[in-house]
Amino acid sequence: MASKQPEIANSKVNIEYRRKKNAEDMKHQVISFALMIFLTLIAFLAVMYPKTFDPLFTVPFIILLAVVQVIFQLYYFMHMSHKGHEAPALFLYAGIAVGFLTILTFMLLMWW
Amino acid sequence: MQAEERLTLETLPADPEKATLEGKNKFLGFWLFLGGETVLFASLFGTYLALKNSTNGGPTTQELFELPIVFAATMLLLTSSLTSVYAMYHMKNLKFKQMQLWLIVTVLLGAAFLGLEIYEFHHYVTHFKHTIKSSAFGSAFYTLVGTHGAHVAFGLLWISALILRNAKRGLTLYNAPKYYVASLYWHFIDVVWVFIFTVVYLMGMVG
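In order, the protein sequences belong to chains A and B. Oh and the first sequence: position 89 is 89 in the numbering used here, straight run, nothing missing. Oh and the second sequence: position 141 is 253 in the numbering used here, straight run, nothing missing.
Extracted from the complex, chain A is given alone in its bound form:
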C-alpha cells in the first residue's frame, strides 16, 4: 500500500493530519527520553550511595532499570510500537534468546 502512495498527490488536509500525528509521536519520544534519563539517574544513585541498598538488591535492581530503559528505546525511539514491526520483533527477540543462552552458558561454565 505504502508503495502506491507517491503516485497520489497528497492533499493539504492529509499533510496537516500527518504533521499533527508526527508531533504527537514526537511528544511521546520526549517523554520517554525524560523517563530514560530518570532511570539512569536512579541506577547511578543506587550505586553511588551503596549504604542505602544491599548489593544483593542493587545488582538485580539496576539490571531491571536497564531492561526497562531499553524497552523504551526499542519501542519508542526505534518505533517498534508502530505497525509493520512483526518481522523486526522476531529477529530481535531471536537474537535476544540466543544471546541470553550464550550469557547463561558462559556464566555456568565459570561457576561450576
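Hints in this document: simulated from the structure, not taken from any laboratory. Please read all numbers here as calculations on a predicted model, not as lab measurements. Check before you lean on any hint, since a few could be wrong.
[Said to hold, decoys possible] EDC-like, lysine to aspartate or glutamate: derived pairs with alpha carbons at most 16 Å apart: (1) Lys20(A) <-> Asp127(B); (2) Lys12(A) <-> Glu122(B); (3) Lys21(A) <-> Asp127(B); (4) Lys207(B) <-> Glu16(A); (5) Lys280(B) <-> Glu117(B).
Since the structure of chain A is already known, use the hints to place chain B on it.
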C-alpha cells in the same frame, strides 16, 4: 515517480523510508542485522561477566572505574539518541535542513562520547598499566567496551557520509531508507551502552 526525485509535500509518503521495495528490504535486512549484533554483544558480555574477576594481580573494577566520567558519557550518548529521533521527525515532515542539522548535532555528541572513551582507555593504560594483555579481565573489558566504541566510530563515519553525500540532493525515496536505517543503528548503539554502563561500570562498583 523516480526514487531519486526530490520529494515535495505533494509526493511525500507517510513513511518515506518504506515507500519503495528497496527501502522495505533495507528496513527488514537491517533489523535482521541488529538481531545478529545482539548475539555478538551478548557473547562479549558473557565473556566479560565470566572473566571480570580474573585480574592477574592488576587493578580490580572498583579501583579502576570512576563514575562521573561514565555518567557524562552516558548522558552524551543518550542525548544523541534523542537528537537522531528529532532528525527522523523532521524527515517525516520533509524538513530536510532541520533533519541534517539534528544529525550534525548527533555526530558531535557521538564524537564527544568517543573522545571521553579514548581518554578513559588512555588513563587506564598509563596510570594503572591496565591493558588488553595484562589480564583476562583486561582482554574481556577492552574487547567488549572497545567493540562498542568501534561501532560508535563507524556510526559517526556513516552518518557524516550521509549528511555530506545528500547535502545538495534533498530528501528522496532513495536516500530516506538510508537515513532511517542509520538512525536505527545509532539507537542500537545506545541500547548496547545502557547494558555496558549497567553491567560493566555500575555492577563493577557494587563488586
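Hints versus structure:
1. Lys20(A) <-> Asp127(B): holds (15 Å)
2. Lys12(A) <-> Glu122(B): This hinted pair holds, its Cα atoms lying about 8 Å apart.
3. Lys21(A) <-> Asp127(B): This hinted pair holds, its Cα atoms lying about 12 Å apart.
4. Lys207(B) <-> Glu16(A): holds (14 Å)
5. Lys280(B) <-> Glu117(B): With a Cα-Cα distance of about 12 Å, the restraint between lysine 280(B) and glutamate 117(B) holds, given a limit of 16 Å.
Figure legend: structure checked against the earlier numbered hints; every hint is met.
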